[in-house]
Amino acid sequence: MKALLYIAISATIMLAAAGCTKLDVPVESQLTTIPNTQEGYVAATGSVYQKMSSQSFAVDFWRVIELSTDEAMIPNRNGSYYDNGQYIKWHKHTWTSSDLATPWSWGYSGISECNRVLNLLSKADSSTLRTQFTAEIRTMRALFYFYMMDLYGNVPITTYGSTVSPTQSTRAEVFNYIESELLAAVPGLAAPSTVTLAYYGRPTLWMAYALLQKLYLNAAYYTGTARYSDAITYGNKLMSESGLSLEKNYMSLFSPDNTANKETIFVAVFDANKATGNYFTRYTLHGTLKAKYGLNFSPSNAMCASPEFFDLFSLTGDARDTTWLSGLQYDFAGNKIMNGSYQLNLTREITLTDAATMNVGAEVNGISCGARSIKFYPDPNAVNRYQNNDIPVLRLADVYLMQAEALLRNGGSTATAMELFNKVRARVGAPTVTSLSLQDILDERGRELAWEGWRRNDLIRFGQWEGTWGFKTGGESTSRRLFPIPATEMVLNANLVQNDGY
Amino acid sequence: MTFRGKRPFPRYAVLLLFAVLLHLKVFAQTGDIKGLIRTEKGEPLPGATVILTRNASSFSKVTRTDSIGLFRFSKVPADTGYVIKASYIGYTTHVSERYSVKANDQLSVAFRMQENNGQLSDVVVIGYGSRSRSEMVGAVTTVKKEDFNVGVYSDPVQMLQGKVAGLNISRSGNPNENAAVILRGPSSFRSGTDAYEPFYVIDGVPGASIYSVAPGDIESMEVLKDAVSTSIYGSRAANGVIIITTRKFRSGQSHLSYSTYGAVERISNTIKMANASQLRAYLATNNVAIDAINDDGVSNTDWQKEVTRTGFSHNHNLAYSGSNQNSSYGVSVNYLNNEGIIKGSSMNRFVVRTNLQHRAFNDRLKLDMNVTNSITNGKQIPGQVLSNMLTYMPTVPVKNADGSYYEDRSRTTGTSGYYNPVALINDNTIQSKANILLVNGIATVNILKGLDFTTSVSYQRQRNDTDLYYNSSSMLAQDYTGYAQRTNVSNTKKVLESFATYERRFDKHNIKLLGGYSWQEDRNGDGYQVSGYNFVSDDLKWNNLGQGNGTTVNYGDIYVSTLRLISFYGRAFYDYNGRFLFQGSLRRDGSSAFGTNNRWGYFPSVSVGWNLHNERFMKNVNFVNVLKVRAGYGVVGNSTGFNAYTSRLIYGSGSSYFYYNGEWINSLTPVQNDNPDLKWERTATMNVGVDFVLFNNKLSGSVDVYDKRTTDLIGDYTVSTTQYPYSTMTANVGAMSNKGIELALSTTPVKTGKFSWTSAVTLAHNVNKITSISNDLFSASQFYTAGFSARGQSGINGYQIIKEGMPLGSFYTLKYAGKNADGKSTFVAADGTVSSDSTAFTNFQVTGSAQPKLIYGWNNTFRYGQFDLNIFVRGVYGNQILNATRADMNAPIYANTTNVPVSTLSESIKDDKDHFISSRYVESGAYLRMDNATLGYSFATKKNYQLRVYASGNNLFIITKYKGIDPEINVAGQTPGIDNRSYYPKTRTFLLGLNVTF
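Protein sequence lines correspond, in order, to chains X and Y.
In terms of the numbering used here, the first sequence is residues 140 to 641.
In terms of the numbering used here, the second sequence is residues 16 to 1013.
Heads up, a few of these hints could be off.
Some, not all, of what chain Y presents toward chain X, calculated at C-beta under 10 Å [what the hints assert, rightly or not]: (1) W534; (2) T567; (3) Y570; (4) S671.
No lab work stands behind these hints, which were simulated from the structure alone.
Where a beta carbon is used, it is the ideal one built from N, C-alpha and C, also for glycine.
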């Protein structure tokens, strides 16, 4: 009997225990869906803007589009920044499909984020906010597509949730898609007089117009069909409909405390703590300049300008000249800044000790090669290498110069073109002009928009991408105007066809 | 004359008398048996089970010895052919036969029981039970207390180093570092060491923390190696299972034992770095200027000497135990203080254990209660000390004239920076405290003969606290005036195990059945991290974070998660007449960590064994005592080291914000794709083994051959963000194989009178190969791992490669081609040409493997009278180590900013590629280490007192070609075998110890 009792008790316990086969545990600390609230949708759009406020944009993407131009270069500094010849390849236009993966993954992750967020928004309850957010994200997606088309040519147009590997569209198709997307976004976009803090870092109607203007200005190169009159139309719409005007203080546009202003249209917003990624100073200045600019870190002495580009800054009275450090260096009190036993000398010239590895060798007699940009002025408030300077993407001065260029190229009013050109000149105290050539415009764009990420686009449009600067000999095939589809992407997607020449 | 009246004895009375007499006769036919059971040493053995049976009858009586070892059977029918069988855990079952009980007599018996030590009579602890060695069908190695390694060990697994064939263990000299353990080669390529760790079962508690146990409290460890042995643990057993059995109650009334040791540890090896005059001369000869900040012209600092010290360590273990007829109890306290050989590093651990057992209802109910609490306090040093003690300039002083630490603040900040190592130790305080509480209750009910039901409930709570303070002069917090951070996290584990066993022998048929259910819930990461900075004073350290003037709080990446595992398991064992053995087992495991489509999995195993020595044809083969062949196949899984939410789509804010309406706010974005198909990595193992005891027990051993194949390996695959919300997908794709052979031999070559010599050898050979990393859904041609940064060498994806056909831990570097005429390093380019410029990643190739070809250990014990001497040698052979530390140091072009080894001084200062990581720095990792020599003396004492003193030396010498500090570099994890500027030097230890038992 006792045995039976034991069996009964044991069996009961065992069955009771074994009855529990539930494996679902609550997920207490992570979100597995986006909350269906206004705050939820605001937060959901954030990932798109983070693509801009990131190191992927300010360093990885920026380096590819700028170190391949005359604006910036990183010579091998006695073994430092040789980095297996990466920067040399960009400088000399000898890259391969293995060297340029980061812009693609950055751009397409931005596009995918937009696709994903648009899909989320399509399920939200109808509201004015939803309409505006949808238009903003479509504009952002158009910007990413613009970059991808500009860099890689024939790129895929992707849709959310498809499990099929996408195929490429022709550059003209992508051009048309961007144009239609921007036009479709226009009615939903906000049109504040200037881009106030409420819209700072997000698309407005003016961004759509400026991007359309840029798209049309490049149309001849992108599609073979010139669209200069369309560029002029949208430039005019922007200038007439908005209250944008040039800021008086050029340097304030790029300073560590730059913020919403009358001129900036679209900007990548950075913060030394909350959105890190901008570290121009860290990669530009020489270590011995740390004290002068009150930095909390030692700059690592990497980037400088090619001598040819630096020479553009030779107009009299041009405030933009102060964006460069060159020659013997002094602190603000006029004391010499010492590099070892000699005064720091940032030479215009870049002299190599080993041509094959583009090595400038050890620093002798205080000399450190290359002029350094302080346009994105060193930030003494940054506790580490990350600075607070926001990076403008589109601003009114660019619109003026694009408009001037479109007018010249379209046979339009030279007087209007000169007027716009001279507004840009006058603001910085540089001499105004009485005649205007396309080359003048290219040079002015170099001076005005240096290190703002447009030089590559400009040089190609002006047919000077195959030119000579620094240690680049020039005359390379025009197939280099397009970057190769990254090798890693070719592996992931068998449908991709490599660009000519790679 | 005739009686008239009544007859004095009426007829019924006669009958009655007869009946009474008959009855008396029956009573008179019983006797008593009284007995005393003692141990070999003469101590009484309480609680031993005594069974009385009679041949060819169903007679059976059971009793148990009382607190002074006495037992008694009353009224035993007078007869012959009685058999007394006595058993007790840890003792060989004693059987006495042919007792005769005479009527009205008392039979007195006395015998001594022997502790288990013979190989085949051993009881082997297996999952959910135990077996005699002769019943074993899987590959299990048992290491008993007396065979454990001797030394200052905080991690119990170190006591097995070199003692178990196939178990590869490595550990540096860092008192706060746990050993890296890998069994029979890696069977995963996930990152994180958890994915490679064996599964620990402590006194029946699966998944208990090994750091809750003091090494001195461990009685034995069983290493379960093949799937036949481990598959009962299903989805967690792919890396093998180590079962730890702690000291339970000792027999006798009560015992008090105390053991202690004191040890002195020194750095076992240093790197010969250039001294100041050598470095100055080298730079001067080569006309290379040295900035004043890097050379004060007079200093000559030996930084390795400045940061190291002689460490003193000591351990105390006090244990008290006793038992009576129905209950047993034990308490032990252990304290270990281990001072690191780098100043500022140390750990101490305090462990309290109690265990109670109560037996009731004629021993049909057994209740066990175990409580352990372990508190570990660690003091750590910043990792940068280990690189800067080598490369910091010898030409500068430790301190400036004003007493502050010398620093070159002009150099770039960063976590791997150039900092005064002495200042690093003194300006930064990092303390950790781990408190582990383990409570376990077990109830075992005997329901029917042979049928037992066990329920075990356990609860483990581990609280980890880390406090950190970088003071106002710290180079690690140059942007702050003091940085403090506190982390408090709890991990709890609840386990319910419920199982029934049925074990009976019917004549020649021996049956053992097991069926059970298990429920486990782990709740990890319950806690938070907070920080503060910019303090007015360094005095308060982390103790008053609110006083900091800083505004940003570093909350770290801490979040709570719950993981649930539910299992059903069963096992059937049958042996026929001790000759043929069969076993089958099946476990069904469910885990909440895996995708909804694949949460449940089956883990089966089958095996057979044949005890040849019990066969008639072997009767005359006299030199064979035991000969067994066994073979088995089973499948196990690997689900350890998993985040509970691995298979889910997760939205996170990451660490970045976005700018919205003039404010920085958190965004929400997918940070992980969901994979509803995610499941465990699956390892199928075929194991064939032979066990033998030969030449009258003089030679014993076993040989095991295995073929271990892992499929569904989990990797992070890059997926196109055009199709998925997130750019990588965690998926089951790859496959890997480990094939090997293991040999363990034990022999007693000499045993004469007072002198004996026993010798044991273990050898293991394993070949690891990644057989696939792609399938039709996800593909990768290779994964680059170990992508650490090295000076002037960015753009490198990794220094190891995971690729089909290669072993895990394949080094992927430049191929060194010697120096050219200018004294510059040259490398073989991808196209076969040799040049000093072919340093791009495209020129990299496979240049070695971290997987050893052979692991071995050799132990010798000599006894002479009261003396014992143990000598233990172990080593590995056939592996390579990437000596990235040497590569980094060997940079003559930076000799004016970071120090170089003496060997570099003979190289050209113009060689700007000298330090480039290449095959030149992929060095042989083979070594033979004189791991331990111990000389002990056991005093002859009265009665049951024991007293032993011993002296021991660890790591007495090493034979190796490796040019780093020590070749014992981490063997586990995704990137084994890399020595990269973070190696805490191994120590050499001298130790004096004492064990005493009253």
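Interface hint outcome for Y/W534 [beta carbon to chain X under 10 Å]: Hint holds; Y/W534 Cβ to chain X Cβ min 6 Å, cut 10 Å.
Closest C-beta approach of Y/T567 to chain X relative to 10 Å, hint status: Where the cut-off is 10 Å and the nearest Cβ of chain X is about 6 Å from Y/T567, the hint holds.
Per-residue hint verdict: Y/Y570, partner chain X, C-beta under 10 Å: Given a least distance of 12 Å, the restraint on Y/Y570 is violated.
Per-residue hint verdict: Y/S671, partner chain X, C-beta under 10 Å: holds (5 Å)
Hint compliance for this structure: hint 3 alone is broken.
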